[in-house]
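Got chain Z; can you put chain P on it based on the hints?
Here is what each chain is made of, one letter per residue.
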Amino acid sequence: MHEYENKLLAFLKDNGASSIEEMEAKLGIGNDAILWAIENLSKQGAIAVKRDAESGVWLTDEGKEDLEEFPEERLVKKLERSGNKWSVSEINDSIGLSWCKKNRWINIEGNMAVLTGEGLAVAKGSRQYAARMLLGRLNRAKAGEVTQIVSQNKDLVGTLSKRGLIGFRERSVVKSVSITKTGSDMLSSSPHDSGIGALTKEIIKSGEWKNKQFKRYDVNAPFEEVLPGRTHLLREFINFVRMVWLEMGFVEVSGPIIDSAFWNFDALFSPQDHPTREMQDTFFLSNPKQLTIDDLGVLERVRRMHTNAWKEEWSKELAQSAVLRTHTTSVSAHYMNKLAGAVNANYPLRFFSIGPVFRNENLDYKHLAEMRMCDGIIIGDDLTLSNLVYTLKSFYSRIGLDVKFRPSYFPFTEPSLEVFYYDKEHGDSIELAGSGMIRKEITKAMGINKKVLAWGLGLDRLLLSSKVCGLDSITVLYKNNVGWLRSRPNIKV
Amino acid sequence: MAIISFDIRDLRIQGVPQEKVLEAILGLGIEIEEKTSKELKLNITPNRPDLLDFTGLVRAIENFAGKRVPRENFYRIKNKPELTISVTEEVYTIRPYIAGMVVKNADLSGNMLKYLINFTDKFADTYGRRRKKLAIGIHSLNAIKGNITYTASGEGSFKPLNSTRPMSFSDIINGHDKGAAYRDTIPKNESGRTLYPYIADSEKTLALIPIINSDATKLSPKTRDLFIDITGTSKTTIRNAAALLACSFMYAGAGVYPVIVSYPMSKETTPALSYDEIKVSLKVADETLGIEAGRHNVITLANRMGYVASKYGSSVLFYVPPYRVDVLNDQDAIEDIAVAFGYDRIVPMPVKGIAEGLASEQYELEDGLASFMVGLGYSEAVNSMLTNEKLNFDSVMKKYEEESYVSVADAKTSSITMLRTSLLPGLLQNLAGSRAEKLPQRLFEIGRVFSLSKGKIKESVKLLVVSEHAKANFAEMRSVADSLLKYMGISYKVKPGESSANIEGRTASIVVGDEIMGRIGEVHPQVLENFGLEEPVVSLSLTLVKEVKY
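Protein chains in written order, with the working numbering: chain Z, 281 to 773; chain P, 272 to 821.
In isolation and in its complexed conformation, chain Z is listed as follows (with noise of 0.2 angstroms):
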């Protein structure tokens, strides 16, 4: 007999007719637990079990994908991002369109479906959508709790299930168990010096275990799930590169996220007036609006730097203007101007950097207003496109990806060349990295008469690729859903 039908039927010889309540109370054992004794038990005929009719619910398939979103929301939040409204023709969510109609959010006005208050409260996530959270409480609402719920919400639940989300059936469940004859036999005949059961510091140090057999364990009994505590998908990838890097002598270095347009464009080359700026949507600030440069030589030297190249007005104001940083090669910008007065440093010099970036975008799957980026540096005397090529290659080999470099433009590098690897899976040539030599007229406006090779990858969109990670989509990453933070994907390089 198993420890736990022993237990079990010696707690029922005590106490008499029991629930399975009251077993779970005072036994310590899980409900799994209890239900697998009887069940065993019963096939025995060691116990008596009386059952009831009960109503019960289940969530469909269905439902069980809209628990975390349901297609209203969805489509409330899409209109969120496009402007509070969308063009009726173009929505092809008729399910999501209806249910936003029948609940409000939605006003139709001529062919726009123009988000209303409590629309827009839903999809800024302000305001619970009763009826997903009433799905969430019946999913792990435990039998004894169903009736209960359904009678409370009896609209709700009648509309949920209306909708295919969630199945009633009767099913008997277990109302009270009794101790029969051949259970008490049982339990009697079971001799409690036969074996070892839980081993315990007496029976060790007594030497009791010499003489005495262990019972036998079924294998097979149900248990408890351990919830594990994880770091996040961003940690474990980061700390990966970070390792390539530091293996590679690279340096790690940190810089401003919020800083101004001078040390993210201007110091970059970028002219003040021109697409390039365009290239990378930006977040300005709105408070503060200017932050000020102190280094009143580098910015003398890079308004000249401008005003050469591009032979137009250069704005210190525009300069000074405060920006969430667009790209992590700022703080490449700042360590060459930090480098500027170090005559004896051992070149060449390694840098890295990793840290958040910002981009001014209309948020989908594929687009995220925050992400992770890399960005490094070479200094030195001798440096050539051949060595910034062995970098980079070494670097991606090390995290299984084989690159190829094709030509591109950057405002700061001269030559420049994009990272990219051809995707098999889809075909598909995959952008990884912008790379290049730094402009000299950079180099000279920071004060350093060296070359500097450079490079800035983005983060997130590599745990994208079937050979880092083969996440479905970056989106997820910032979600923290505590089951997909439990059971998330690894790193597999």
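Don't take every hint at face value.
What the hints assert, rightly or not - Within a straight-line C-alpha distance of at most 30 angstroms, the following computed DSS-like cross-link-like pairs (lysine-lysine) qualify:
| # | chain 1 | residue 1 | chain 2 | residue 2 |
| --- | --- | --- | --- | --- |
| 1 | P | Lys459 | P | Lys538 |
| 2 | P | Lys349 | P | Lys459 |
| 3 | P | Lys623 | Z | Lys673 |
| 4 | Z | Lys720 | P | Lys506 |
| 5 | Z | Lys684 | P | Lys309 |
| 6 | P | Lys709 | Z | Lys759 |
| 7 | P | Lys623 | Z | Lys724 |
| 8 | Z | Lys596 | P | Lys727 |
| 9 | P | Lys709 | Z | Lys344 |
| 10 | Z | Lys365 | P | Lys683 |
| 11 | Z | Lys306 | P | Lys742 |
| 12 | Z | Lys704 | P | Lys309 |
| 13 | P | Lys312 | Z | Lys404 |
| 14 | Z | Lys730 | P | Lys538 |
To be verified - Between beta-carbon pairs, the in silico distance windows are:
| # | chain 1 | residue 1 | chain 2 | residue 2 | range |
| --- | --- | --- | --- | --- | --- |
| 15 | Z | Glu597 | P | Asn376 | 43 to 51 angstroms |
| 16 | Z | Glu558 | P | Ser439 | 33 to 41 angstroms |
| 17 | Z | Asp373 | P | Ile303 | 31 to 39 angstroms |
| 18 | P | Ala680 | Z | Glu711 | 41 to 49 angstroms |
| 19 | Z | Lys323 | P | Gly648 | 31 to 39 angstroms |
| 20 | Z | Lys747 | P | Lys375 | 55 to 63 angstroms |
| 21 | Z | Lys747 | P | Ser685 | 36 to 44 angstroms |
| 22 | Z | Glu482 | P | Gly639 | 51 to 59 angstroms |
| 23 | P | Lys306 | Z | Ser369 | 28 to 36 angstroms |
| 24 | Z | Asn770 | P | Ala680 | 38 to 46 angstroms |
| 25 | Z | Val623 | P | Gly639 | 32 to 40 angstroms |
Unchecked claim - Which stretches of chain Z does chain P cover? Using the computed rule of at least three CB atoms under 8 angstroms from a CB of chain P, they are:
| # | stretch |
| --- | --- |
| 26 | 506-513 |
| 27 | 522-528 |
| 28 | 754-765 |
Hints listed in this document are in silico derivations from the structure and should not be mistaken for laboratory results.
Beta carbons are placed, not taken as given, at the ideal position from N, Cα and C, and that holds for glycine.
Same frame as chain Z, but now just chain P:
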């Protein structure tokens, strides 16, 4: 980046097989955005506006494939000026510069007219900053009588392109879709009066600048002779645009005739085409590229990128054609050597010298804490630093002043207005989004928060821990705090504290020295309700770095 489409049939270039055309496009570093059986959509980088133009693209392909070798002084205008443009004082104070040219025997048949308009529109929208800095107008030369005047006035009227009736300038600005689109380019003069720039010939208005041309000078695919005006506020951009267009027409075999521009104080002839001469030392090229450039025929490589080149001692002289407005000095020429040579032929070579890697102390500290928290059974969350007042303050019942936090201007996503000042709302939102998951739910985040004090930005590093389950309480988090602070080697005291997000009397401050470095507390039921949370939550916050210095 600008996307531009061409009919794939137009890119069948005589003497260049189709696969060589695609090879040249990729070799030049032009990204193919989309390729169908009919159309090729290309992504052109902002340094090469010449490739937005059909002729410019064909030229680059023909050069790269070696079909046409650039000829010395090909882009020299030998024709005599055909027209004069007089610039008046009125317009000179508001939209001062103009360049013009006359083109004869241009071929606008097939898709050519469409490509030309696409190019000028795209150029004016990007480099021309939505026509403010620069705009281009193209007219049928035959419809123009006499010389041109570029001027401005408070009102005027003409029949705009494709219109059935004349309209006044102000009607165009208010009633015509082009007028509405580019209304903001119309300047006011010093006294605040609206002045409309326009060009006219000896008889009539030719265009309201930079909005729309007159219907009288309308182009058709059969038009062969053109007058082109380029107006704006940046002389450099206008000169570049004029050079680009002139070179294109010349390459395609049309005749380009200059125009004299007569400003109030000076005169010039446009377009001004000149070759910059750049000396490229082979040694410098080698040292940059690591390809032993001297062993390859640099002159041929230069030709394939459109340059005329000649040997000059141990250097090569590059003559930069007038349309290559991006080539500033030898670095740009050296890059073009590499592009023609082929990036895939560059042999990887390791950097010489020993290097010692060194990790950031701050990162290591945070990483150690993360491992420790995982050991306590907590999972790590990473939330965005971008948030809004409602989530960051209101949802946790925190009062705030506008001057105390960093706010973001004009976000395309309306839910982004500021940078977070606290990690708590993000984690509570994570719990709220995880209601279907098993309890207990235990999360932590290590992250940056930002605040403003007297206009100065303060960036801090915080740790926040939350635990949600039926029995979550103060004592649980008190234990976590103790073990964490012991791990960090910090001696601390706990005193009664308060926080708007917590239940009064169930909040403690963690005091290190004389300073409050953290807080433990049971989250207030009103806050739980705000997030739709149904179980108790207890939280711990700890300041890891009070102010990050760079």
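Does 28 to 36 angstroms hold as the CB distance between P:Lys306 and Z:Ser369, or does it fail? holds (29 angstroms)
Measure nothing beyond the straight line between the CA atoms of Z:Lys730 and P:Lys538; if it is 30 angstroms or shorter, mark the hint as holding. violated (44 angstroms)
Is P:Lys349 within 30 angstroms of P:Lys459, Cα to Cα? violated (40 angstroms)
Within 30 angstroms, alpha carbon to alpha carbon, are Z:Lys306 and P:Lys742? The hint holds at about 19 angstroms.
Is 32 to 40 angstroms right for how far apart the beta carbons of Z:Val623 and P:Gly639 are? About 36 angstroms separates the Cβ atoms of Z:Val623 and P:Gly639, which means 32 to 40 angstroms holds.
Does the alpha-carbon distance linking Z:Lys365 and P:Lys683 stay inside the 30 angstroms limit? holds (14 angstroms)
Would you say the C-beta atoms of Z:Lys747 and P:Ser685 sit inside 36 to 44 angstroms of each other? holds (37 angstroms)
Is 33 to 41 angstroms right for how far apart the beta carbons of Z:Glu558 and P:Ser439 are? holds (35 angstroms)
Count the residues of the stretch 506-513 of chain Z whose CB lies closer than 8 angstroms to any CB of chain P, then report whether that count reaches three. holds (count 6)
Within the stretch 754-765 of chain Z, is the number of residues with a Cβ closer than 8 angstroms to a Cβ of chain P three or more? Answer holds; 8 residues pass the 8 angstroms Cβ test.
Can the restraint linking Z:Lys596 and P:Lys727 be considered satisfied, given a maximum Cα separation of 30 angstroms? holds (19 angstroms)
Between Z:Lys704 and P:Lys309, does the CA-CA distance stay at or below 30 angstroms? Holds - the C-alpha atoms of P:Lys309 and Z:Lys704 are around 25 angstroms apart, at most 30 angstroms.
The structure fails to meet hints 2, 13, 14, 18, 22 from the earlier list, while all remaining hints are met.
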